[in-house]
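The listed protein sequences derive, respectively, from chains A and B. Letter by letter, the first sequence follows residues 1 to 405 of our numbering. Letter by letter, the second sequence follows residues 1 to 231 of our numbering.
These are computed hints drawn from the structure, not numbers from a lab. Treat the hints with care, since some could be wrong.
[Said to hold, decoys possible] In the DMTMM-like style, the derived pairs of lysine to aspartate or glutamate whose C-alpha atoms are separated by at most 25 Å in a straight line are: (1) B:LYS225 with B:GLU64; (2) A:LYS311 with B:ASP176; (3) A:LYS392 with B:ASP77.
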Amino acid sequence: MYFFIESLRSAINSLRGHFLRTGLTMLGIMVGVTTIITIVSIIAGLDGMVAREFSRMGTRVLYVSRHQWGENFYWRAPRIGTKEIEALECVELAEYVVPTRKRWATISRDDIKIDGMQVVGTTENYHLIREIPITMGRFFSAFEAERGRHICVIGYEIYNSLFKDGEDPINKYIEIYQIPFRVIGVVEKQGNFLTNMSDIAADNKVFIPLTVSDRMFGRWWGVEVMVSAPSDEMLEETEDECRMMLRVARGLRPGDDDNFGINKQDFMLNEYRNATKVMWAALIGIAALSLLVGGIGVMNIMLISVTERTKEIGVRKALGAKRTHILSQFLFEALIVCWIGGAVGALVGLLFAGIVTALSPLVFVFSGEAIALGFAFTSAVGIFFGLYPAVKAARKSPVEALRYE
Amino acid sequence: MSSLIELRGVTKVYKLGKTEVPALRGVDLSIQRSEYVAIMGPSGSGKSTMLNILGMLDVPTQGEYLFDGEDVTRLSDAKLASTRNSKVGFVFQTFNLLPRANAIGNVELPLIYAGVGRKERHRRAKKVLEMVGLGDRMKHKPNELSGGQRQRVALARALVTEPDIVLADEPTGNLDSKTGEEIMLLLDDLSKRGHTIILVTHEQFIADHARRTVHILDGRIASDKIDGASI
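Next comes chain A alone, as it looks inside the complex (with noise of 0.2 Å):
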């Protein structure tokens, strides 16, 4: 239809016989969409780093615990300990079966001491379900773990703080609640945000075999262990497998519930999504209120641009221009204006976003939905506040509309 782009052209046109006002219209659409696109940018690469963060517990590890997270404590519950342990290296499918004691304590070397580390019982392949290198030196052997050696893995962070200018750690002591323990390999840097304040990385942790944690510490906290499927898909297979052989080896009878929680890294994920939720939206909420004022701005200048133009739309009535015609035009206009302002304020958005992601440990992420989304909604906000004065125009009489001065 030859309209549709005469609409355009004619909109373009009386667009730029108005130079300043329709670029500072344009300013306010662009402004409101930098804003929204910066903000979801931002919340996008916030989530993106976090659930990359969690993915560190492993997407395919199963967390075998005495309750199920974000549960209430069951008391009663037993603790998880070597008949479950045994009961879960039973399990088919898991490739590594992993318990692990954790315990916050302090260590020291010479006179240097460190509060609040954890320190982790575990076994031989911690490092292989949890994918975490070992920059120097090993982790410690199936025999070493049985044997019960007074020998640590350290994390980065750790390493650190004990040992300045790069001194070699290996073989060094260092002393964890003034027992010496052998230092045989330190943990690849994990290094993030979270660092400090979860369980997820390792740059604050030492670990040490599970049989010298029982000792220092005792048994009666119990552990937590961790079962790895052999792929993501076979997770769920994994853990009813898992279920299966603890509810056995507790005798549980059918309809009894499980008194042993199985836990999945995307527990916290979604912990994470459910806490953020709200503050996301109603940050886009008010992200979304600096595009209205823009939209406003729209409105404003296309009932100026109608009254100005008055005398025009009598003429093109006179010619012939249906009320349709006359819509379109205008609302072509207010389109036009919300279009290249928020094509503009999408790409300043997209850079905005892509400086604060280079300067922070967040994730760009360039999402075409958000994309398509932006233009949808700028569409929208044309519409919506190009409706009105487009109407206006389109419905003068044409008499009055030629005669006016």
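Using the hints provided, position chain B relative to the given structure of chain A.
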């Protein structure tokens, strides 16, 4: 043969707040194809209302308006617009060209609303512009043209759709007498070629160009003469 234009008992009443102001009080008029008619009357006589109704910019309050046998008072807004587009060419006192479009752009405008393609539009607009003697001014914007040239563009715009009637509302009102005369000669020429022309004016020497003169007074036809003789 039926008339091209047939007004039967046409009245038009404007509402100004609560008072009703009659502008036309029962007008009967028929105009044949190829006629050259001047409508005269003092201001406030209803001649502008008459022109609006003839040009289908407005519809009568009462009465019938048959255009080429079709009752236009029953047409929808959109149908009126397309009828205006294809059957009526307007020439205004103040030219009413779009300031941002050049001469050919202005002339093409009615063809855009008629849905004519770009190339065809251009060809036809060029042809009429050459006909009114502006073949060398096609790319000029209205503010780069003289008054007479602007009115020629307006005339070209009125003719480009090959309408059944040309309605000219004081076409020389904003021109000096010499350029005004040139425009009138163009209209005379169009009349000779068989166009139907209706001219609204309050100047006798302009009205003299037309063969038939209709005088309007207080919303009624006061006289209707062809070559000076009443009909």
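These are the hints, each one checked on the structure:
1. B:LYS225 with B:GLU64: Holds - the C-alpha atoms of GLU64 of chain B and LYS225 of chain B are around 23 Å apart, at most 25 Å.
2. A:LYS311 with B:ASP176: Satisfied, since the Cα-Cα distance of roughly 24 Å is no more than 25 Å.
3. A:LYS392 with B:ASP77: holds, 15 Å
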